[in-house]
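What follows is each chain in one-letter form.
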Amino acid sequence: SQTIHQWPATLVQPVGSPLSLECTVEGTSNPNLYWYRQAAGRGLQLLFYSVGIGQISSEVPQNLSASRPQDRQFILSSKKLLLSDSGFYLCAWSRTDVVYFGAGTRLSVL
Amino acid sequence: GQNIDQPTEMTATEGAIVQINCTYQTSGFNGLFWYQQHAGEAPTFLSYNVLDGLEEKGRFSSFLSRSKGYSYLLLKELQMKDSASYLCAVGSYNTDKLIFGTGTRLQVFP
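If you read the sequences in order, they're chains S and Z.
Just so we're aligned, residue 491 is where the first sequence starts under our numbering, counting upward by one.
Just so we're aligned, residue 57 is where the second sequence starts under our numbering, counting upward by one.
One chain only, chain S, in its complex shape (with noise of 0.2 Å):
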């Protein structure tokens, strides 16, 4: 069966400071990979989809990067972090159609 990790499940990070999120998904190959984010009360914002190793797709321009260095690696990172990109950060993989999701990890910029 296949499962995601996510990892760290809290973080809290100072203005300024870099990001590196990372995302890997076991039991499965080429699957395509996301990273949602989830403001506090509002809905799920695409930030990135991949297809492929090096591919990858930014739906929002903003101050972060995504990266797919191996097949099933997915790393969302940033150089100096906002306030506004405190959040709920989701991971997330499909194979056919239906969309999976990591636990998720709660981002606090201070």
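Calculated from the structure, these hints are not laboratory results.
All values derive from a computational prediction rather than experimental measurement.
Take these hints with a grain of salt, some might be off.
What the hints assert, rightly or not - Covered stretches of chain Z (chain S as the covering partner; in silico rule of three or more C-beta atoms under 8 Å from a C-beta of chain S):
id : stretch
1  : 62–76
2  : 83–95
3  : 146–158
Said to hold, decoys possible - Sample of chain S residues with no beta-carbon within 12 Å of chain Z, all distances over it, derived:
id : residue
4  : Ser507
5  : Leu509
6  : Glu512
7  : Thr514
8  : Gly517
9  : Asn522
10 : Ser557
11 : Pro559
12 : Gln563
13 : Arg596
Every residue gets a Cβ at the ideal spot worked out from N, C-alpha and C, and that includes glycine.
Got chain S sorted already, so can you dock chain Z onto it with the hints?
Same frame as chain S, now just chain Z:
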């Protein structure tokens, strides 16, 4: 573009039936998805409709009318644990991504 509308909040009583509606606009429709999200947790997949009609899964059912751009999630024999947000999402053949509505927060009272 894509647009998804669903009510922001609903309340219901334990043991009752509740229907959560979702209307959508998209090109290249490739499925209507329902997810459940408890507070502070990641969304979990509930149901998927790609053809018109009703799909039943235990206490939960989902209906789709593609010509009307309309779906609903029906929850029967409500339990306290059903208190959560319910997210409607639409897939498109034109993209490899799932776009989510802002979710309906359901509160079940004893």
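Status of S:Ser507, Cβ more than 12 Å from any chain Z Cβ: Answer for S:Ser507: holds, closest chain Z Cβ roughly 24 Å.
Closest CB of chain Z to the CB of S:Gln563 still more than 12 Å away: Label holds. Min Cβ-Cβ 18 Å, cutoff 12 Å.
Since S:Pro559 was said not to touch the interface, does its Cβ keep a gap of more than 12 Å from each Cβ of chain Z? holds (19 Å)
Find the nearest Cβ of chain Z to the Cβ of S:Glu512 and say whether that gap is larger than 12 Å. holds (16 Å)
Taking 8 Å as the C-beta cutoff, is the stated coverage of the stretch 146–158 of chain Z by chain S satisfied by three or more residues? It holds: at least three residues are needed, and the stretch 146–158 of chain Z offers 8 whose Cβ sits within less than 8 Å of chain S.
Just double-check S:Leu509 for me: nearest Cβ-Cβ distance to chain Z has to come out over 12 Å. Holds, because the least Cβ-Cβ distance between S:Leu509 and chain Z comes to about 19 Å, which exceeds 12 Å.
In terms of Cβ atoms, is chain Z entirely out of 12 Å range of S:Ser557? holds (18 Å)
Would you say the stretch 83–95 of chain Z counts as covered by chain S, given the rule of at least 3 residues with C-beta under 8 Å? With 3 residues in contact (Cβ-Cβ under 8 Å with chain S), the coverage given for the stretch 83–95 of chain Z holds.
Interface exclusion of S:Arg596 relative to chain Z, criterion Cβ beyond 12 Å: S:Arg596 not clear of chain Z: closest Cβ-Cβ about 8 Å, inside 12 Å.
Taking 8 Å as the Cβ threshold, is the statement that the stretch 62–76 of chain Z is covered by chain S upheld or broken by the three-residue rule? That given contact is violated, which follows from only 0 residues of the stretch 62–76 of chain Z lying within Cβ reach (below 8 Å) of chain S.
Does the claim that S:Thr514 lies off the interface hold, with its Cβ farther than 12 Å from every Cβ of chain Z? Holds, because the least Cβ-Cβ distance between S:Thr514 and chain Z comes to about 15 Å, which exceeds 12 Å.
Take a quick look at S:Gly517 and tell me if its Cβ sits farther than 12 Å from every Cβ on chain Z, holds or violated. The assertion about S:Gly517 holds, with a minimum of 16 Å to chain Z.
Taken one by one, the earlier hints fail for this structure at numbers 1, 9, 13, listed in ascending order.
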